[in-house]
Amino acid sequence: MKMKWLKMPALVAAALVLGLASPSWAQDAAEPEAVFDAAAAVSESAYAIDNLFLMVAAVLVLFMQAGFAMVESGFNSAKNTVNILFKNMMDLCIGMMLYFVIGYGLMYPGDGGNGWLAFGQFGIGGIGADAAEAGALAPQVDWLFQVAFAATAATIVSGAVAGRLKFGAYLIYSAIITAFIYPISGYWKWGGGWLDGMGFYDFAGSLVVHAVGGFAALAGAIVLGPRIGRFGKDGKSKAMPGHNLPIAALGVFILLIGWFGFNPGSQLAIVGKDNTDAVMLIAVNTLLAAGAGGVLAMITTWILHKKPDLTMAANGVLGGLVGITANCDGVSNVEAIIIGAVAGVLVCAGVKLLDALKIDDTVGAFPVHGLCGMWGGIAVALFGSYDGCSSQAIGEYGNWVAQITGSLVIPAWAFLTMFILFTILKAVGLLRVGREEELRGLDIGEHGEEAYNGFQIFTTN
Amino acid sequence: MKMKWLKMPALVAAALVLGLASPSWAQDAAEPEAVFDAAAAVSESAYAIDNLFLMVAAVLVLFMQAGFAMVESGFNSAKNTVNILFKNMMDLCIGMMLYFVIGYGLMYPGDGGNGWLAFGQFGIGGIGADAAEAGALAPQVDWLFQVAFAATAATIVSGAVAGRLKFGAYLIYSAIITAFIYPISGYWKWGGGWLDGMGFYDFAGSLVVHAVGGFAALAGAIVLGPRIGRFGKDGKSKAMPGHNLPIAALGVFILLIGWFGFNPGSQLAIVGKDNTDAVMLIAVNTLLAAGAGGVLAMITTWILHKKPDLTMAANGVLGGLVGITANCDGVSNVEAIIIGAVAGVLVCAGVKLLDALKIDDTVGAFPVHGLCGMWGGIAVALFGSYDGCSSQAIGEYGNWVAQITGSLVIPAWAFLTMFILFTILKAVGLLRVGREEELRGLDIGEHGEEAYNGFQIFTTN
Amino acid sequence: MKMKWLKMPALVAAALVLGLASPSWAQDAAEPEAVFDAAAAVSESAYAIDNLFLMVAAVLVLFMQAGFAMVESGFNSAKNTVNILFKNMMDLCIGMMLYFVIGYGLMYPGDGGNGWLAFGQFGIGGIGADAAEAGALAPQVDWLFQVAFAATAATIVSGAVAGRLKFGAYLIYSAIITAFIYPISGYWKWGGGWLDGMGFYDFAGSLVVHAVGGFAALAGAIVLGPRIGRFGKDGKSKAMPGHNLPIAALGVFILLIGWFGFNPGSQLAIVGKDNTDAVMLIAVNTLLAAGAGGVLAMITTWILHKKPDLTMAANGVLGGLVGITANCDGVSNVEAIIIGAVAGVLVCAGVKLLDALKIDDTVGAFPVHGLCGMWGGIAVALFGSYDGCSSQAIGEYGNWVAQITGSLVIPAWAFLTMFILFTILKAVGLLRVGREEELRGLDIGEHGEEAYNGFQIFTTN
Amino acid sequence: MKLIIAYIQPEQLNEVKQALYEKEVYKMSVTNAMGCGQQKGYHETYRGADIEVNLLKKVRIEIAVNDDFVDVTIEALIKGARTGNIGDGKIFILDLPACIRIRTGEKGPEAIG
Amino acid sequence: MKLIIAYIQPEQLNEVKQALYEKEVYKMSVTNAMGCGQQKGYHETYRGADIEVNLLKKVRIEIAVNDDFVDVTIEALIKGARTGNIGDGKIFILDLPACIRIRTGEKGPEAIG
Amino acid sequence: MKLIIAYIQPEQLNEVKQALYEKEVYKMSVTNAMGCGQQKGYHETYRGADIEVNLLKKVRIEIAVNDDFVDVTIEALIKGARTGNIGDGKIFILDLPACIRIRTGEKGPEAIG
Ligand SMILES: Nc1ncnc2c1ncn2[C@@H]1O[C@H](COP(=O)(O)OP(=O)(O)O)[C@@H](O)[C@H]1O
Ligand SMILES: Nc1ncnc2c1ncn2[C@@H]1O[C@H](COP(=O)(O)OP(=O)(O)O)[C@@H](O)[C@H]1O
Ligand SMILES: Nc1ncnc2c1ncn2[C@@H]1O[C@H](COP(=O)(O)OP(=O)(O)O)[C@@H](O)[C@H]1O
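Protein chains in written order, with this note's numbering: chain Z, 1134 to 1594; chain G, 1134 to 1594; chain C, 1134 to 1594; chain E, 288 to 400; chain A, 288 to 400; chain F, 288 to 400.
Don't read these hints as lab results, they were simulated from the structure.
Ideal placement from N, C-alpha and C gives every residue a C-beta, glycine not left out.
Take these hints with a grain of salt, some might be off.
[To be verified] Estimated spans, in silico, between C-beta atoms of each pair:
no.: 1; chain 1: G; residue 1: A1489; chain 2: E; residue 2: Y308; range: 25 to 33 Å
no.: 2; chain 1: G; residue 1: G1358; chain 2: A; residue 2: D382; range: 47 to 55 Å
no.: 3; chain 1: A; residue 1: E397; chain 2: Z; residue 2: K1369; range: 56 to 64 Å
no.: 4; chain 1: Z; residue 1: V1478; chain 2: G; residue 2: G1256; range: 38 to 46 Å
no.: 5; chain 1: E; residue 1: Y329; chain 2: C; residue 2: V1478; range: 51 to 59 Å
no.: 6; chain 1: F; residue 1: E309; chain 2: Z; residue 2: I1361; range: 34 to 42 Å
no.: 7; chain 1: A; residue 1: G400; chain 2: C; residue 2: V1478; range: 56 to 64 Å
no.: 8; chain 1: A; residue 1: D382; chain 2: G; residue 2: A1489; range: 38 to 46 Å
[Said to hold, decoys possible] Sample of chain F residues facing chain G (criterion: CB under 7 Å; computed from the structure):
no.: 9; residue: Y329
no.: 10; residue: T332
no.: 11; residue: R334
no.: 12; residue: G335
no.: 13; residue: A336
no.: 14; residue: I338
[As the list claims (entries may be wrong)] Result set (DSS-like, lysine-lysine): computed pairs, CA atoms no more than 30 Å apart in a straight line:
no.: 15; chain 1: F; residue 1: K366; chain 2: Z; residue 2: K1366
no.: 16; chain 1: A; residue 1: K366; chain 2: F; residue 2: K366
no.: 17; chain 1: A; residue 1: K310; chain 2: A; residue 2: K289
no.: 18; chain 1: G; residue 1: K1371; chain 2: E; residue 2: K289
no.: 19; chain 1: F; residue 1: K327; chain 2: E; residue 2: K366
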């Protein structure tokens, strides 16, 4: 996501400048109003298209909430399903309230901030853009798109901490990340803060969104500790299988679809040949990286475990998507495949790593969003070339120092703040449910409600 | 949804008028065809955008059918799942046939009706709009959008009457509501009938669509009586829990997504700065009301029952969406939050009320669509302000008499006609399945097919 | 899907021709650049709209992958669910890689091929269209749309062969169909090959996509043989019921939604009144055929089996959609209903036929995609009229010889090549899992992973 | 001590529980079962093919009781489960020579209740 | 009277039912069970971690028969369930001193059939 | 021979299996059950209405053993299942006069193991 003022296509801009600022030629024409009106009508069309484009993108990103809810509940055991679904629904509901009140103003404070922390206004601000023109966005739709991103960052955590985190603690976490943590680091880059100033590039949020969620998830998983029985007395990792893989697979497909809002939408405009071509390149790169991630993760598990593992391939698809998010506008199709493929392997390695470290991330939120998010930031420096289809020059973003700084600072920010938050919650006893509740399931303990009433389900682990 | 002819943006209209009707300036230009072509090309673009916008909106609204199917089947017991899914699929299939043949002509008879009942034509009418211009809609896409609304009104009932209504009776109900009941009251408002004439306002159908469905559901639930065992011998309400909350939650997310077609699409045009800004405001208001509804419903149940209840929070989200539907184009973001919040509480109150009255509405169709639909109509008068972003003046719609009339008459119409229909079906013995079939489940009784073959499921209640 | 160069609307074309090629009038105007810019800006808008339209359509078609995954897994038994989901995910992931490398170049080799087999280039080719104008498509989005179609053709088979095909064999099949079989016959028609030359018409792929998938499925089902226990020792067909009808029904709704990308998107352009009107007609025809197919299939099963059968009605909806795919742009609404209705009956007949022939197509892929695909091709000749809303003349496509040729040759091509492939796989022992693995389920045998961990499920058949 | 096994119609479970509670029989174990008996099955069709379902859903109740409780338990079971229709179910009574409460290690009649 | 309990492979259930019908044993109750015996389990992996599955899916059949039917029932069970592979299952035979038909209150041998 | 039936808390199943393996009891059959005993149930609410859940999830284990194995089996069951809380469960021991291995037709004590 770039600054809005970069988006107006040159031709339309020229037409506007001439149409609005050059009364001379208009006077020469026989019926000046008619010609003037045509230019204005063109601008209105362009305004409609760009805003429609962003609204459709925002809706697709919001649809990702359903994807996360399905993946996370499907990958966990049946007895915690209501809890996971509820967390997903509420991080959207509560998150949007807080992003409306505080978060948006923190993330996009406008000019004049110090680059580290600033605050614009409560709520959204004016109703309409100043003028109807290509690349101008109605503030409302801008907020809609932004809030969908904020909700994505927040919801990534809910899977990782499933099966033992108290519902109340989750609501607190969710409020704080959407109101403060995500907007502040978001400001550093997308709001025009210090990371943006040093030339760091993150097109659609491999770091700004996904790594924030992924590293918050890691902090949560570490502070909480593993679920009972997740690691044997001998220290061996013991699988606690997901209970509903069809809905998990559905969730992956929904996330894939939603990503066509996430990445292409981050171009923020589609009118103007450069924009149109960029959006289409982004869409294809997004798909190719997902595919490559899925294939490579499948192959990796096939080699490692003799059998191809659906849940890892699904994670591979998501890892590929996260990896391409930062750089989808500046790499070629073949590079997108490479980026996705590396992400697919990285996801498998990340899962193994967590197992070795005895960290219990129930859905692989850290490998997928944390690791592949960092990889996406690095890949900008490795592959990014910004002269082909976009207005950025290669030197500006292919900057190793800036990319490495950003790819370390943003994860560190999310990890540290969230580690502190979860540690405080633990200290005051709000963090983890009791042993008996954990064994019986959070659905009964926290909500007095079962997800699959009447079904006979073994709850032996 | 307003009249189509209100939608053409002023600038484009001016361009067209000048371009088409003023041969004088064209003659003065050196290459008259070229200038003329440019104006026409602008109109063609605008026509394409507006129609594309409405088609995308229609597709989103049609997607809501999947949402309803998932929510309703997830909130009921496993043994009636095939029946519920089948009803949802068929009210779309049969409903569209009848809305094609009769309903559309009844709802949009064109000018010259008496305001109460009129009939236009069978089928859709001409293939293309008269001219390609902003705000003009191809009749085909207009019908597509309208039929999606009709199917929504019809499908609301299927959840409320689940678990005991005969399949044949449902098909009869579904045919009658889509062919007659919904189009007739729809005509009163959106077709330009008497309610529209008196200044009643219902932007996207809190009343025209949702209250019609919600009150039809209430009539059905009353005439049918509760499921066996739903109220104890002591009169106490006994829960009959839903069997699959993940798909129910998925359904809520799908409905939320679909509502971005329902409400923004009802602007019927997006070209023209006023339209674009209105659409974006509508989209944001829709989301905010949903979020507020979900949060408040969660809090309400948390207070009432000591534990937060997912199914009620889900209903709260939907209640917020229904409440904002009538007024989303004329309230501010903060007002949208208030409207949603009230709806969230209203939903909980409505569920309690039905329990107290021993009315068995298995999914909360009446609280969500009936009560919140009325609330949406009232909220127009309370909050509506139509000078900010739309062409309507506040006085025209902020009219308490009109709003209260509409918010009472439309529900009454749906309730009474449907009460009579269900009573007749009962009298002739077509309404309710036998006791044994109800206990064993309608899936086996009505369809000879189980939803979850092989799964061990307790069917003790 | 027609050739791209047919799509530029006349008015815009005229404007461009005049604007770009007639320096004379521009010189006459006082400020030539301004007028020129306006024309270019209009073209940029049109380019943005058409490409956005196709991208949205492509995303909807990709969403169909989720629909297929849900329908196919829901209609099979629980013990093979992971396997089916995995096949669906991988035919997208692997298929897109191969379609990128080889398939696209084979299907759209450009001019100069021999009409039977030709090859263009590896990968996608240039980044942007030559010029921003209405009807021009960025190569990237064109590929995106095309790959979604290729993935659809491939995924149709996975349901039919479920429960006994080895996972590795499926991956081989999937690679070959997306890399060679589908692109080659696709070239014959859409790439401008010999079938196109003889006047054969298939608007969105009843034959090119669906019949290819459906007949490949038939070949697979025949070579594999039925699942153990599917036909009794007495030869009687024994039902092996699906295990999760809610997700299957959800899948049908998703497919219906996806078809609004499949058919309308195949117009390949929406700017220009003819295009806009055509797209809207196509959308409505698509819906009406689906509805009619569902209703008629329900009635047929109701008559045949005394009870309405959800799974057959669901197949009827899909059959209607497949049937309308070839001709949706050239039939009236009423004709669309007739085409859908016939497809609904055809699906039921096809299922009966396969049962009689003891061919075990577990989800009805052949009746739905194979039979109704052929029916769609024939219906072009029966009903197609191409003077109302599109630029084709009736005589050109209402050509019985061409339609019958295409409707026989394409299925035969898919059937024969796939029959050979499956026979080879059988000969080398790669085709079918062992008896014990089949009985216990492929999820454990092939993937060591269960879909519904903890659930008590009878696996007695 | 006796071990009483009863197969009943699923929809009668609540009434059976009520009837047992009235007789102060509070302990029992319940499983999901499928039964085949005099009660006729039914036909399902799935995609046009027939399935004869003759294993019908039943509930299996297991109650261990001391000898003096056997009769009231059986009475209660019958009272709760009988509808008069074929398929009401069966009660089987086995001898139970030994019984242990896991928590305390108590044995025999004291362990039952 | 005897109460016969058999654990069999799930996929043999249909053949067992056929074999029992041939011997005119029409009544039975079936439950879903998991068994652990000589038959080796298998390994699953889930997200890279191992699971040893040693409780395999089995079906439990319970049949109450009069004494003269015991042998044919056992024969039929064996005929239907035997494949010769490890894991085919076991039959346990218990004494059944009493049996009641809930619908009629009939007791003993008449109640069984 | 004896047929030992134990009802235990679901979450103790793994420890019970461990304890049995240590005593070289490798064969068992397990089913999903719901139990009602001294252990109090809990309340659920669904859409504002109350549900009293008093049938709690339990696991039912069935083990056929030769007489000399009865004591170790019971010890192992208690060792694995006892947590000291109400709801730990019960063990019922029945006489098992006959036992057959389906695969081989072996009868009696040899068939058990
Ligand atoms: N001999 C038997 N052995 C095992 N279970 C039996 C036996 N007889 C009946 N049952 C169980 O009791 C249920 C009801 O029996 P059924 O013969 O249908 O009704 P009724 O007992 O009223 O004649 C059966 O479905 C089965 O579960
Ligand atoms: N002693 C036993 N107690 C309880 N169940 C047993 C016993 N022995 C076997 N079973 C049941 O029988 C099934 C088959 O036994 P297994 O030893 O695997 O095969 P086989 O009987 O052919 O040697 C087991 O999975 C278990 O359910
Ligand atoms: N008399 C009985 N008959 C059948 N099952 C019983 C009996 N007593 C206990 N059970 C089973 O044992 C479980 C635990 O019993 P409970 O009374 O709650 O605990 P405790 O044995 O520690 O007092 C019950 O849920 C039930 O499944």
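inquiry  = Name the hints, by number, that the structure is in violation of.
reply    = The structure breaks hints 4, 5, 6, 7, 8, 9, 16, 18; every other hint is satisfied.
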